[in-house]
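Colleague: Reconstruct the complex from the two isolated chains, following the hints.
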Amino acid sequence: MGKNKKYLAVQIIAHVILIIGAFTMLVPFFWMLSSSLKSLGEVFVFPPKLFGERLVWENYTHISGRFNYFNYFMNSVKVSVWVVFFQVMTSASAGFVFAKLNFPGRDKIFLLYLGTMMIPFHVTVITNYLQMSRYGLVNTLWSLMLPASVSAFGTFLMRQFFITVPSELIDAAKIDGCNPLMIFFRIALPLAKSTIATLCIFCFMNVWNDYFTPLIYLNNDRKYTLPLGLARMKGMYSTDWPVLMAASVIAVLPVLIAFLFAQDAFVKGVMMSGLKD
Amino acid sequence: MRGSKKAGKLKDDSRWAWLMLAPNIIGFFMFMLVPVVATFVISFFKYDMLTPPKFIGLTNYITMFHDPIVWQVTRNTLIYTLITVPVGMAISLVLAVMLDQKIAFRRFYRAAFFLPSITSMVVVAIVWQWLYNPEFGLINYFLSLFGIKGPKWLLNAHTSLLSLAIVGIWKNAGYNMIIFLSGLQGISTSYYEAAKLDGAGTWQQFRYITLPLLTPTTFFIFVMAVIGSFQVFDQVMLMTEGGPGRSSSVLVHYLYQNAFQYFKLGYACAIAYLLFFIIMAITIFNMRMEKKMRDVY
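Chains as they are written, first to last, in the numbering used here: chain A, 1 to 277; chain B, 1 to 297.
Any given hint might turn out to be false.
[Said to hold, decoys possible] Derived lysine-lysine pairs resembling DSS-like cross-links, with alpha carbons at most 30 Å apart:
#1 Lys78/A with Lys174/A
#2 Lys6/A with Lys102/B
#3 Lys223/A with Lys264/B
#4 Lys108/A with Lys264/B
#5 Lys102/B with Lys5/A
[As the list claims (entries may be wrong)] Calculated Cβ distances over 12 Å to all of chain B for the following chain A residues:
#6 Asn71
#7 Lys78
#8 Arg106
#9 Gly136
#10 Arg186
#11 Cys200
#12 Asn220
These are calculated hints, taken from the structure and not from any lab test.
All residues carry an ideal CB built from backbone N, CA and C; glycine is no exception.
If we strip away everything but chain B, and leave its shape as in the complex, we get (with noise of 0.2 Å):
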């Protein structure tokens, strides 16, 4: 686009650029751009791997509208998102906030906060499921100092799926707080010191001066994070199963027991296409917003 001008005039590479793309873009059609179409193929078929495929039409999603799972799934889905991006977006950028200054210890801090992203789920998934043990855990002997005597948390059904968006919540916290980092070091110090000499406190240079300008990095992390955890799987899969009962149980853990235990693969992919378009919806109404909020400011 840049240089469409200049095109014209310089020669035309056609015949290199396909040679150095091909390895890419066999790879790019095959695993993705023909999965996709697949994908939404299947999902008007019932297919269970054994038999040949039937078309059924939109039975599938026909039947999906009417599953009481589907809602249930979706719903805990939306908990989860409710519970975690919030509350997960406040302490990163807390974090963020405190690290951006001349403070002993930065890179300590820093690391410390961002281990947990760079931990396998599974090693997480372990370790929290010991720090949630009711009887021998952890936390519920830091709330036993208190005299609260802490639930069964993974095992019970009202806290389950509360317990996963915390793990959630620890895990991602760091890296949001990395990418708020920079949203920070890119605001110009100059900013600052014309509000300093207007005598703004600092929380007003916080509100009048730091969000504000941090919009673009806030609505990045914002749909990073929905997305992010409307694909929340690992945790579920490892901590508990889904369960006790459908409790916590989310969109991608019914679609991967549709699809790879009860091999009702053409209701899984249209429930991966529900995913897909609950994602789109999020994502499209975020890009509207986020335009709204720059006229404004």
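Bound conformation, chain A alone (with noise of 0.2 Å):
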């Protein structure tokens, strides 16, 4: 009797912090739905109004006469498929020989790998600009494309994948006269799959929300990912609030779609992130 009661108090103080929490999580979400659905007026009124006096949807047809959305949008498409399919490609082929093939070298070139998962970002970005401007590739969407086309992490992530799976099958598939590339397509691939699917989702949300990157590399509007489109109408229409929040709902839509559909997987993403072992 006493025990239940204690483990129900628990339950409700659980409930409490997980509530509180989640609604500061959330609330930020919701004002910006509400005040994407308000007129300009409204939403320069105080108090604030959860609601304006109608549904104002005209803030999200606005968008398209200050926003290049669309273009923004494939801009972004583009340059995430690519990027997921070269980087998963890249790193999942040299995961795999660095841990399943053997030549002189291997584990000082895979430490090398290792090594540079520490370096700022920064400290590469200076001399990769000056490199895409020597090729002519500044403003255009190589300059994003290229670079992340290989990643030293997706390469360790596939590496430790790819030294669980047990060595007899690589070796029966040797003796059966495969060499390396067909046993990577036909044997390891398939057995990767999750870990493969874990590096899409990381890669694409990182490509996604990349604001830094384009923000070096593109000065042309045509050329805009969809952070840096959002960013340049902050600063161009920075008082109106409704339609900036209207653009911002839209953006934030496919990766929260992505998220809904495939929660468990992001979930696992992130905690294969903290295995660093």
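Modeller: Structure (structure tokens):
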């Protein structure tokens, strides 16, 4: 009896803390949504109201007049699809090589990859910019796609998975006359499905939300990705909050939908990023 | 390393290995190794992208040492770290402990906490700038309900950095919570059962089982959080551009300004290496600490 009461009390306290936490996390999103449906006058009202007199859907149609949303969206899609595909492919093949093939210097090279994971992004960004500008790729989407096609973290993640694949499996295939490339595509890659899914999501999230890289490389409105386009719009229409909020709502939607469909994969991705042992 | 004895017996895969490694290693070489070295080299030059680079030895580093702005942005970065890391980690840990039990709506809570970390910082900045609005923002309205007159947040030199730190905490809490949660789930329940038999209460279990066994996770999050907050840039650029004055400018923001606004690339490279050395020092210090802690437990 007493134990039950105590259990109940713990549950109630836990829920109170969790509700306060969830409330704090979600209120900004609700506020974004409700502000996006107010008229300009209703936004500047004190005390603030949850909703205006009517829902002003026009804010959403006004976006396209000031904000090249479709264009930005397509640029973001292009960059994301390219980077996710190539980063996963280069990471998986190199991860497989580092885990399962024998050649002199293998562990030393892998150690070099590990060592660079600690180096801040900003140490490489200036010289990468100079490099891109020399190739004439500044202000093109290539400047975002090429450097991101390879990732030391992705390589590390894939290698950690392939190390768990029993070597007997690989050796048996070798005896059957398979070369390493065939083994990689027919045996190793199918086994790595869930790790690859994790890496895809992780990579997509980073590329889709990236603000710093486009900020540096792009200065032509037609090349902007979604985050940069939105940031520039914020600079230009900083007082038209309802339309700005509507644009924000639309910018959040793709990742939000991906998240709602694949919550567990997202969570697994984060957990795996924490397993750096 | 694992099968080094076996490796001698097995066929040497060099040719295939290099073939399959090629795309990755070429990219790694071009966009990682070369830039790391090149940045170091350029930090000894004066370079503005228009005129040819001029070798000036250690001048950039000496200038940096005497540059009051470098000191100010380093101080700001440190303050930002000292606010976000402990507070953020405490919140993440509390939320993770609450979720690490049989509780209703677990998935909902987890999703709600995680939502800010998948949201683009640009969107976060727009929404929070509106929340922080001194006259019409939700935050000052909320404070006014308790009779508190809220500050001007981003527009005040005394609160701008704090305001950015709050956004940082809000955005990352869910991410770190998930890593804490995976650490908590790795602790075997048999420890708790044994402790219960010995009559340990909830707090004692937390203090003497959960916290010590969670140490590796805590250290990991701590290191990553410190490294991350030393590289903070997005919300600074988006919400205050370092202002008012230099009150919320941070290391990477000053690096960005030097490289891409003032076109002092050599100087920017020197600042990049300052950042690199600070992060290296912190990481090495933490690794030593963790080793010591491991010996204690």
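Colleague: Could you run down the list of hints and mark each one as holding or not?
Modeller: A quick look at each hint next to the structure:
With a C-alpha separation of about 38 Å, the suggested pair lysine 78/A and lysine 174/A falls outside the 30 Å cut-off, and the hint is violated. The suggested pairing of lysine 6/A with lysine 102/B holds, with an alpha-carbon distance near 15 Å, which does not exceed 30 Å. Between lysine 223/A and lysine 264/B the alpha-carbon distance is near 26 Å, which keeps this suggested pair within the 30 Å criterion. With a C-alpha separation of about 36 Å, the suggested pair lysine 108/A and lysine 264/B falls outside the 30 Å cut-off, and the hint is violated.
In summary, the hint linking lysine 102/B to lysine 5/A is supported, as the alpha carbons are separated by about 16 Å, within the 30 Å threshold. Residue-level check passed: asparagine 71/A sits 16 Å from the nearest beta carbon of chain B, beyond 12 Å. Its beta-carbon lying about 17 Å from the closest one in chain B, lysine 78/A satisfies the requirement of being farther than 12 Å from that chain. Non-interface call for arginine 106/A relative to chain B: violated, since the shortest CB-CB distance, roughly 7 Å, does not exceed 12 Å.
Distance check on glycine 136/A: its Cβ is at least 14 Å (rounded) from any Cβ of chain B, clearing the 12 Å threshold; non-interface status holds. Chain B leaves arginine 186/A outside its interface by the beta-carbon criterion, the shortest separation being 14 Å against a cut-off of 12 Å. Its beta-carbon lying about 14 Å from the closest one in chain B, cysteine 200/A satisfies the requirement of being farther than 12 Å from that chain. The claim that asparagine 220/A is not at the interface with chain B holds, since no C-beta of that chain comes within 12 Å of its own (minimum 15 Å).
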